[in-house]
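Chemist: Spelled out from the first residue to the last, the chains are:
Number of protein chains: 2
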Amino acid sequence: MPHPTPPSQPALVALDWGTSSLRAWSLDSSGSVLSASTSQDGLRAVGGRAAADKTSSTQAFADALAVIYSQLGAAGVPALACGMVGAEGGWTTAGRLDLPAPAEARAFQPAAVAGASPAVSIIPGLKTAPDATGACDVIRGEETQVLGALARLGNPAEANLILPGTHTKWLQVADGKIMNFQTAMTGELHAALLEATILGDPVRRGEAGAAASPQELSAAFDSGLQHSLSHPGQPFATRVFSTRTRYLSGELEPSGVSSYLSGLLIGDETAAMLPQALAPGAPVALCADGPLGALYQRALSAQGAQMPLLEDTALDGLRAVARAWGLLPETDSTTALTVS
Amino acid sequence: MPHPTPPSQPALVALDWGTSSLRAWSLDSSGSVLSASTSQDGLRAVGGRAAADKTSSTQAFADALAVIYSQLGAAGVPALACGMVGAEGGWTTAGRLDLPAPAEARAFQPAAVAGASPAVSIIPGLKTAPDATGACDVIRGEETQVLGALARLGNPAEANLILPGTHTKWLQVADGKIMNFQTAMTGELHAALLEATILGDPVRRGEAGAAASPQELSAAFDSGLQHSLSHPGQPFATRVFSTRTRYLSGELEPSGVSSYLSGLLIGDETAAMLPQALAPGAPVALCADGPLGALYQRALSAQGAQMPLLEDTALDGLRAVARAWGLLPETDSTTALTVS
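These protein sequences, in sequence, are chains A and B.
Heads up: the first sequence is residues 1162 to 1501, going by this note's numbering.
Heads up: the second sequence is residues 1162 to 1501, going by this note's numbering.
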């Protein structure tokens, strides 16, 4: 008869707190999930409530977190957050590490939120060095996914990570450092084209009608992907116009417009990035939650690049930073890694 | 003492009738302009009036034209139109010529509008052959600008024309035929990015404030142009994100966001098109009305391509088709060209 296991106690609340959503977990001291919550209570909702209630945004964030503590049954333990909650306009500005930065959790010192009780701290983002034309790029939230993904890959010294999203990030790790990343605002472009251009007309007019089958949506996605891959010399503004001409010719059904555009845009992004954003020989992984990861996998596979898909890496990254900064005890394996 | 010149009589009403605007001219038998009118009475306004008045769109077009006749003082003469008035959803579908098509007005037989009095006819559009992936492209309205531009260039057998607009067209004439064209929806992309993405946030929030000086706007345009030209390997969704990062770093003022984006998008389009859309050795011209022509000239000049800018080519094209189809007498020079 096995010894009875004592019930685990919450040791930390981990938060992936973005613009439009909030994911929260209560963890025990081993990092195991005791309870979880997902809501639309992102910065936009919290900010809207502060404006409606004429309260400070600081108070609105504290109130939102109190609700989470109650839902998770995690009274009194500290919280560690990543995401836009640490941006200008969030709860507390958590700063950004300049690249190159060590690709390890110990480098990401969380910023304490003044006056929060229990204690809340937020993981800093990343900022690239300016390129030759003075342009730089920024990340907030994905750095934690990166730390989680690297932990899951065994903390390799070299890696290429693709993090699909509204703003997809392509990130390179070399010699144990995060060297560079680039943003492609592919998801946001997709939404804007459907919302505000002639390409989205059939969708906005409701012509899409009954939902297409998954096979039809995949075929439309592949058609857009192939269009993009087979017209590399055309400007984006020409490639994307094929959505209109194919619709006018009857070749593209209204129900396939969104998927066609998705294939076209992800094709455009991946075809340009593959030759230059991935260091050869290093492990490559996609980090994504939800259906977007599978679409990128499909587009990359069509170009001969097979990549594993890692899901839920934000939680792993939050765990790694919590252990590195004493919010959770270091595990044996983490200790071993640190010593080696 | 010169002989007194008899007052000219209207012989034709020429119409450039698009989605959002209507330009109209009353011409005498020599093709000289007697009176002109420009209004926002495009298809959208006429269609809106038909819906509001619960009348047929056919009647609404006839009513709009009656107003123009009255303004121009051109009662009783026939009308010749080009533009979206000949599209599905316009007054009468004027069809499209398949490419390659002769680059001469005689090939563009106008379609008569049934029941119109005085007689109205509409110039047909153009349609490319499907490319290797089955995609084709369409023009309606610009074909008339092309005929006007070719007349102004002396009807060369070879030519490259760029027609900037909401949907910019790049068109090739070879061996006296219109061989091909491509559309770049650059103007519409610019509007959609400002309206529906994070890039336009500072503009939508009213941060642009007081108007920037022309010098500041030109500098922002050039900055966007140079960003595009110096990052050819990046996907569009990455190049365009520089608008955000430069704004966040304070390098790009809110008042310069629209011009920066304009430079970036026109740079993206022209850099991709220049190597492949222009047949070497043939005359090249930009055909545009308003400030867009000068912006394209600036972008092309920065890439070593000096191009003349031809304005008001639609009227010349309407004249050429009118002469070819007996709505105006052929001029001596036209006759000579036809005979030679």
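Watch out, some of these pointers could steer you wrong.
Which copy? The list can't say, so a pair holds if one copy fits it or any two copies do.
[To be verified] SDA-like, lysine to any residue: derived pairs with alpha carbons at most 25 angstroms apart: (1) Lys1338 to Glu1319; (2) Lys1338 to Asp1362; (3) Lys1215 to Arg1205.
Just so you know, these hints were derived from the structure itself, not from any lab.
Keep in mind it's a predicted model, so treat the numbers as computed, not measured.
Chemist: Taking 25 angstroms as the upper bound on the Cα-Cα distance, should Lys1338 and Asp1362 be classified as within, between, both, or neither?
Modeler: neither (46 angstroms within a copy, 33 angstroms between copies)
Chemist: First find the shortest C-alpha distance between Lys1338 and Glu1319 inside one copy, then the shortest across copies, and answer within, between, both or neither for a cut-off of 25 angstroms.
Modeler: within (8 angstroms within a copy, 56 angstroms between copies)
Chemist: How do Lys1215 and Arg1205 come out at 25 angstroms by Cα distance, when the copy is not named: within, between, both, or neither?
Modeler: Classified as within; 15 angstroms inside a copy, 43 angstroms across copies.
Of the numbered hints listed earlier, the single one contradicted by the structure is hint 2.
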